[in-house]
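**Q** Chain residues, written in single-letter form:
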Amino acid sequence: EDQVTQSPEALRLQEGESSSLNCSYTVSGLRGLFWYRQDPGKGPEFLFTLYSAGEEKEKERLKATLTKKESFLHITAPKPEDSATYLCAVRRSGSARQLTFGSGTQLTVLP
Amino acid sequence: GAVVSQHPSRVICKSGTSVKIECRSLDFQATTMFWYRQFPKKSLMLMATSNEGSKATYEQGVEKDKFLINHASLTLSTLTVTSAHPEDSSFYICSASRGAGNEQFFGPGTRLTVL
Numbered sequence: 490e491d492q493v494t495q496s497p498e499a500l501r502l503q504e505g506e507s508s509s510l511n512c513s514y515t516v517s518g519l520r521g522l523f524w525y526r527q528d529p530g531k532g533p534e535f536l537f538t539l540y541s542a543g544e545e546k547e548k549e550r551l552k553a554t555l556t557k558k559e560s561f562l563h564i565t566a567p568k569p570e571d572s573a574t575y576l577c578a579v580r581r582s583g584s585a586r587q588l589t590f591g592s593g594t595q596l597t598v599l600p
Numbered sequence: 039g040a041v042v043s044q045h046p047s048r049v050i051c052k053s054g055t056s057v058k059i060e061c062r063s064l065d066f067q068a069t070t071m072f073w074y075r076q077f078p079k080k081s082l083m084l085m086a087t088s089n090e091g092s093k094a095t096y097e098q099g100v101e102k103d104k105f106l107i108n109h110a111s112l113t114l115s116t117l118t119v120t121s122a123h124p125e126d127s128s129f130y131i132c133s134a135s136r137g138a139g140n141e142q143f144f145g146p147g148t149r150l151t152v153l
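Heads up: the sequence lines are chains A and B, in that order. Numbers given in my numbering equal positions in the first sequence, counted from 1, plus 489. Numbers given in my numbering equal positions in the second sequence, counted from 1, plus 38.
Here chain B stands alone, though its shape is the one from the complex:
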């Protein structure tokens, strides 16, 4: 199967600091990776689409300067939450898509808590 990992699984930080979340496709090359945010008992909200070697495409309302996305290789994408504030606390989930087929395979998620 297609395995996607995220690191860290949980992070607690102080307000004003930056946090980096890594998303890796472990057994396949992901031409496209996606970053989602999920609030308690709500569905996934797409934040941005990331293609290897190019700039990410952000959804309307998502601040690109606050949520920095880097997709440096076909197996790694990173999301950096800059100058985090309590309202950024959420569950962040990445997914990866292979070149062939439409399925997105999701990582286990990262729980961010900003104090």
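Pulled out of the complex, with its shape left as it was, chain A reads as follows:
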């Protein structure tokens, strides 16, 4: 059974204080690891897809990396508007595009 574990559950940062969120996964044949951002009362917003170990992607203050067992979402010099829940999900080979989600990291960036 696919498993996705995110840590920490919650993270409070001061504005400008860089940090990383972790997503550990166990999946039979990774077909993609996805990062989403979710604001309260809204649906998830797609951020990145990573397909193979060593791959990195960047978008503004966010950078996602992938190894064979985990992914990190690095946040550089965060701003209050980066406050949200960040979700990680994996897709397994042959799963008809179904995703297994982690429970998320709730990030709060204080001004």
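Heads up, simulated DSS-like pairs for lysine-lysine below, C-alpha to C-alpha not over 25 Å straight-line:
1) K568(A) with K548(A)
2) K531(A) with K80(B)
3) K52(B) with K531(A)
4) K52(B) with K102(B)
5) K558(A) with K80(B)
6) K531(A) with K79(B)
7) K546(A) with K568(A)
8) K568(A) with K79(B)
9) K531(A) with K58(B)
Just a few of them, taken from the derived set where beta-carbon distance is under 10 Å, the chain B residues facing chain A:
10) Y74
11) Q76
12) M83
13) T87
14) S133
15) G145
In case anyone wonders, no lab produced these hints; they're calculated from the structure. We put the beta carbon where it would ideally sit given N, CA and C, even for glycine.
Given chain A, work out where chain B should sit, using these hints.
**A** For chain B alone, coordinates are given in the frame of chain A:
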């Protein structure tokens, strides 16, 4: 970008009534749509996978007769919660996937409250 809409955004209904939620892909054709349920401060739980023109595939533990899914076109899927009860109150989110690529694009969600 890929835009997915849901309607309504919020609905309050009495116990025993049925509620229909629509999910539309606005600027692309979605060969597959997914329905999720999310409890407060919890992650998304996949309820069912819907392919246009065929029956939905439900996850274990999800009652197909209670959560009716119709995927009549490449841009529209509907979820009907039949004979709703207070325990069905939740945040329901749909997503859509294009034929090419693996990304799922999510709708804004529907908050269902059953009194």
